[in-house]
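Work out the full structure, taking the sequences as your base and the hints as a guide.
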Amino acid sequence: MGMFIKSFVILADLAIFVFFILLEAIVFFAFILWPFATLVLLKPN
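Take the sequence shown: its letters are residues 4 to 48, numbered as in our numbering.
Hints are computed from structural coordinates only; laboratory data are not their basis.
C-beta atoms are modelled at their ideal positions from N, C-alpha and C, and glycine is treated no differently.
Wrong hints could be hidden among the right ones.
Said to hold, decoys possible - Simulated restraints on C-beta separations:
{"hint": "1", "residue 1": "P47", "residue 2": "L14", "range": "41 to 51 Å"}
{"hint": "2", "residue 1": "V43", "residue 2": "S10", "range": "42 to 52 Å"}
{"hint": "3", "residue 1": "L45", "residue 2": "I8", "range": "53 to 63 Å"}
{"hint": "4", "residue 1": "I8", "residue 2": "K46", "range": "51 to 61 Å"}
{"hint": "5", "residue 1": "F7", "residue 2": "L45", "range": "54 to 64 Å"}
{"hint": "6", "residue 1": "A40", "residue 2": "F11", "range": "33 to 43 Å"}
{"hint": "7", "residue 1": "L42", "residue 2": "F20", "range": "49 to 59 Å"}
This is the structure:
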């Protein structure tokens, strides 16, 4: 039973870790691509 709980906690930690990495990557790309997106949108005007 203890091993099951320990493995479950490890899986939960990995899931949270991956989730935060994805969230950070999305925010990172949003901040990097935001100026390019605004430039592309404003260029025709």
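If you check each hint against the structure, which ones fail?
7
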